[in-house]
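With the hints as constraints, model all of the structure from the sequences given.
These protein sequence lines are chains A and B, in that order.
Just so you know, we're using the numbering used here here: the first sequence kicks off at 1 and counts up by one.
Just so you know, we're using the numbering used here here: the second sequence kicks off at 1001 and counts up by one.
Think of the hints as simulated: they come from the structure by calculation, not from any bench.
Ideal placement from N, C-alpha and C gives every residue a C-beta, glycine not left out.
Keep in mind that the hints are not guaranteed to be accurate.
As the list claims (entries may be wrong) - Straight-line alpha carbon distances no greater than 35 Å define the calculated DSBU-like cross-link-like pairs of lysine-lysine that follow:
| no. | chain 1 | residue 1 | chain 2 | residue 2 |
| --- | --- | --- | --- | --- |
| 1 | B | Lys1100 | A | Lys25 |
| 2 | B | Lys1182 | B | Lys1074 |
| 3 | A | Lys315 | B | Lys1099 |
| 4 | B | Lys1252 | A | Lys163 |
Said to hold, decoys possible - Take a look, some chain A residues computed to stay more than 12 Å from chain B by CB distance:
| no. | residue |
| --- | --- |
| 5 | Lys25 |
| 6 | Phe61 |
| 7 | Trp67 |
| 8 | Gly75 |
| 9 | Leu113 |
| 10 | Ser147 |
| 11 | Phe162 |
| 12 | Arg202 |
| 13 | Ser207 |
| 14 | Arg212 |
| 15 | Ile256 |
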Amino acid sequence: MNSADPSREFFHFFRKSQLLNFLFKNGVLLGALSILGVTLLIAVQLVIHSHLPIEKFGFSFLWKTVWDPVGEQFGALTFLYGTLITSFLALLLAVPIGLGMAIFLSELCPWWLSNPISFMVELLAAIPSVIYGIVGIFILVPWMRNSGEAFLKSTFGFLPFFKGTPYGVGMLTAGIILAIMILPFIISVSREVLLAVPSTQREAILSLGATRWEMIWVAVLPFARSGIMGSVFLALARALGETMAVTMVIGNRPDIKLSLFEPAYTMAAVIANEFTEATSDFYIQSLIEIGLILFVVTILIHALARLLIYSVTAKFEGRS
Amino acid sequence: MTSAFAIRRKMINYFMLFLTGLSSVLVISILFFILGYIVFHGIGSFSPAFFTHLPKPVGESGGGMANAIVGSLKLMGLAGLMGIPLGFMGGLYLSEYGKKNVIGFCVRYAADLMNSIPSIVIGIFAYILIVLPMGHFSLLSGGIALGIMLIPIMVRNSEEFLKLVPDTIREAALALGLPEWKMVIFIVIPSASRGIVTGIMLGLARISGETAPLLFTAFGNQYWNRSLFEPVSSLPVMIYTYAISPYEEWHKLAWTAGMVLLLLILGMNIISRWIFQKRLG
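Quick look at the structure:
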């Protein structure tokens, strides 16, 4: 037995676990890197598989309203419009309510109540999109047709947004469903951000004689502002890409109309509806390009959201 | 002495605080409203046949969604096979080696991005990757789509739970002469196991309700699925197709399927929460 025996050397190395350490660490690293890889692969594949319409239409794809699979003329503007309007409506409805609830949870709610309520908000986030969809078609749409939209029409009918026939399906209904779906994100992220504001901030202004609300308004909200904006953008990213519930209640008609009662179409909905029916390569690639636009837009908005949230939580890190 | 100004301040205070409370009540009541409606409409067709029979053609009453339930389980199993190990490795890397370095930042960011990619775009990706080359819809492509959605959820959950293991335990293990890999496998992972199980359950609950990426990958099937390379039906897609169909009978089944899916998801959420709280207690 001499120490120069190569196999013995090898086992020595093995026993010292250097090799295993090395293998383990790099194996885990490989797993982690494959996640990066998948993300990149998604982006690359989307671009490759939408090259036909990209080459043919260029940027005009974004502002053409025609959607004619037979004549192979495609433009995404009607879908962009529907997506943006419904998402904007959703934010309009969800932000005040969500922020109100976040303030309640972080500032007023007694601790024994706060946990179960937060759990319920989590449950709201756990309900799948398709279930919001069936509640949408069978409950909300008939209600909107018979009461909701009729009421809006008779009260605010002088505004162009509330003119026209109350179909039930349409942008307003889709906006309401989306609002319910994004509420949990706004609530939980805003609550987190509000809780990150140091309590010295609150104590200082209370000791000056401020009321509870003045404390929230003057000493808490301004400090959490960018983080709250972040939660709003996060919710917006969700709303833009939301598919099933919107597809089921928006009416699926590629039109640009001012009235919120009118049926419309969104980017996600057109992909969901037409992807399996698309016969030509060109048609399918146009749908993939819509997916690509959706991908790019959500990534940009998401990046902005992260940046804003990070700016608040990093500012107060280590202080409390 | 209270001036008019002070009274006004107080009134505003109470009013605004009342509004925050009101919005909370509103949100909670929306939750109960949805749950209530689903149970109210779904309970009607809830019977053993729902779990044991295949869907019947339009016009014949009865029938169930046995194939969709099994299909959903198959899809989740396949997604788990792909998403759990990959996501877990990502989380492990982040908590053990990549807390502050550049690769760690990139992986964390990629996971966050992936989490925000609309599910329908993931569906397109799986379509390009599997369905296009193979030429037909399949269980495999649906499973991969859901697996990709599971990865980022697993990364963040396992990172969070692994980080909860105190560093002193890691240091103690290393001080006793354990190599790093043994420390991670035999000390850190078991300490975080309950949390990781919680994360897996939450992740599976999340993807079990996904519909959009399945529409053009797993597609749907009126019969039993027999292989990886055949289309498969799943509960969410069945809910969608039945709900938008014009038949009253199918609408009822859609409600029941919705109730079953919701029970499954809420059950997994509650159990995972219970597992995790037992850990803390």
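Here's how the hints hold up against the structure:
For the proposed pair Lys1100/B and Lys25/A, the alpha carbon gap of about 16 Å is at most 35 Å, so the pair holds. This hinted pair checks out: Lys1182/B and Lys1074/B have alpha carbons roughly 34 Å apart, not beyond 35 Å. Using a Cα cut-off of 35 Å, the hinted pair Lys315/A and Lys1099/B holds, with the two alpha carbons roughly 19 Å apart. The hinted pair formed by Lys1252/B and Lys163/A meets the criterion: a straight-line CA distance of about 34 Å does not exceed 35 Å.
Distance check on Lys25/A: its Cβ comes as close as 6 Å (rounded) to a Cβ of chain B, failing to clear the 12 Å threshold; non-interface status is violated. Residue-level check passed: Phe61/A sits 16 Å from the nearest beta carbon of chain B, beyond 12 Å. Every beta carbon of chain B lies more than 12 Å from that of Trp67/A, the smallest distance being close to 18 Å; the non-interface claim holds. Remark: the non-interface label on Gly75/A is consistent with the geometry, its nearest Cβ contact in chain B lying 19 Å away (cut-off 12 Å).
Distance check on Leu113/A: its Cβ comes as close as 10 Å (rounded) to a Cβ of chain B, failing to clear the 12 Å threshold; non-interface status is violated. With a least beta-carbon separation of about 16 Å from chain B, Ser147/A lies farther than 12 Å from that chain, consistent with its non-interface assignment. Residue-level check passed: Phe162/A sits 22 Å from the nearest beta carbon of chain B, beyond 12 Å. Interface exclusion of Arg202/A from chain B stands, the closest Cβ pair being 14 Å apart, more than 12 Å.
Look at Ser207/A: its CB is around 16 Å from the nearest CB on chain B, clear of 12 Å, so calling it non-interface holds up. Interface exclusion of Arg212/A from chain B breaks down, the closest Cβ pair being 6 Å apart, not more than 12 Å. The beta carbon of Ile256/A sits about 22 Å from the closest Cβ of chain B, which is more than 12 Å, so the claim that it is off the interface holds.
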